[in-house]
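Visitor: Our numbering applies: residue 1 is where the sequence shown begins, and numbers increase by one.
Derived by calculation from the structure, the hints in this document are not laboratory data. Some clues are possibly wrong.
Claimed, not checked - Only pairs whose alpha carbons sit at most 16 Å apart, straight line, appear in this in silico EDC-like list of lysine to aspartate or glutamate:
1. Lys113 to Asp85
2. Lys97 to Asp12
3. Lys37 to Glu108
4. Lys97 to Glu34
5. Lys75 to Asp2
6. Lys113 to Asp88
7. Lys75 to Glu94
8. Lys37 to Asp2
9. Lys37 to Glu94
10. Lys75 to Glu14
11. Lys75 to Asp27
12. Lys113 to Asp2
13. Lys75 to Asp88
Unchecked claim - Distance windows between CB atoms, simulated:
14. Asp27 to Ser118: 40 to 48 Å
15. Pro15 to Gly62: 45 to 53 Å
16. Asp18 to Ala102: 47 to 55 Å
17. Glu52 to Ala19: 16 to 24 Å
Where a beta carbon is used, it is the ideal one built from N, C-alpha and C, also for glycine.
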Amino acid sequence: MDCMILVYRDPDLEPARDAPGFREMVDSYLRANERMKADGVWRAGAGLQGAETSTILQLRGGSVRLGQAPYLPGKEQLAGYYILDVADAAAAAEYAKLLPPAQYGTIEIRPLKIYPPSN
Numbered sequence: 001m002d003c004m005i006l007v008y009r010d011p012d013l014e015p016a017r018d019a020p021g022f023r024e025m026v027d028s029y030l031r032a033n034e035r036m037k038a039d040g041v042w043r044a045g046a047g048l049q050g051a052e053t054s055t056i057l058q059l060r061g062g063s064v065r066l067g068q069a070p071y072l073p074g075k076e077q078l079a080g081y082y083i084l085d086v087a088d089a090a091a092a093a094e095y096a097k098l099l100p101p102a103q104y105g106t107i108e109i110r111p112l113k114i115y116p117p118s119n
């Protein structure tokens, strides 16, 4: 099963860059990444820059509207993603539990829709 793990961070809950737990959080990410790669389930993944850097596009009635603010209000921000090839949702959850946002934010696991190629 190919799935996407969406990582949402809550800046109020995770350690700040100068806090004692920050290095431990970064090391946890690195260990999780290495484990996924060693187990052969890693397909892709990346962190995202802060929501304040996002550009929003909406097409309404033939008009394009661009915005600079995060689309969804609230504290949690989409911070990154992983694409894994795992046996099932339970296996994906085992890898997701290794990620720091399981403690400091929210992790969403979704199966990917695989469309056949169009000829």
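Visitor: Decide, hint by hint, whether the structure agrees.
Guide: Hint check results:
1. Lys113 to Asp85: Given that 16 Å is the threshold and the Cα spacing comes to 13 Å, the pair holds.
2. Lys97 to Asp12: violated (20 Å)
3. Lys37 to Glu108: violated (20 Å)
4. Lys97 to Glu34: Holds, at about 14 Å.
5. Lys75 to Asp2: violated (29 Å)
6. Lys113 to Asp88: Distance ~14 Å between Lys113 and Asp88 Cα, so the pair holds.
7. Lys75 to Glu94: violated (25 Å)
8. Lys37 to Asp2: holds (15 Å)
9. Lys37 to Glu94: holds (14 Å)
10. Lys75 to Glu14: Roughly 12 Å separates the two Cα atoms, so the pair holds.
11. Lys75 to Asp27: Violated, at about 24 Å.
12. Lys113 to Asp2: Measuring from Cα to Cα gives roughly 8 Å; hence the hint holds.
13. Lys75 to Asp88: violated (30 Å)
14. Asp27 to Ser118: 40 to 48 Å: Roughly 44 Å apart at Cβ, these two residues keep to the hinted range, so it holds.
15. Pro15 to Gly62: 45 to 53 Å: Holds: the Cβ-Cβ distance is about 46 Å, inside 45 to 53 Å.
16. Asp18 to Ala102: 47 to 55 Å: violated (23 Å)
17. Glu52 to Ala19: 16 to 24 Å: About 21 Å separates the Cβ atoms of Glu52 and Ala19, which means 16 to 24 Å holds.
Checked against the numbered hints above, the structure violates hints 2, 3, 5, 7, 11, 13, 16; every other hint is satisfied.
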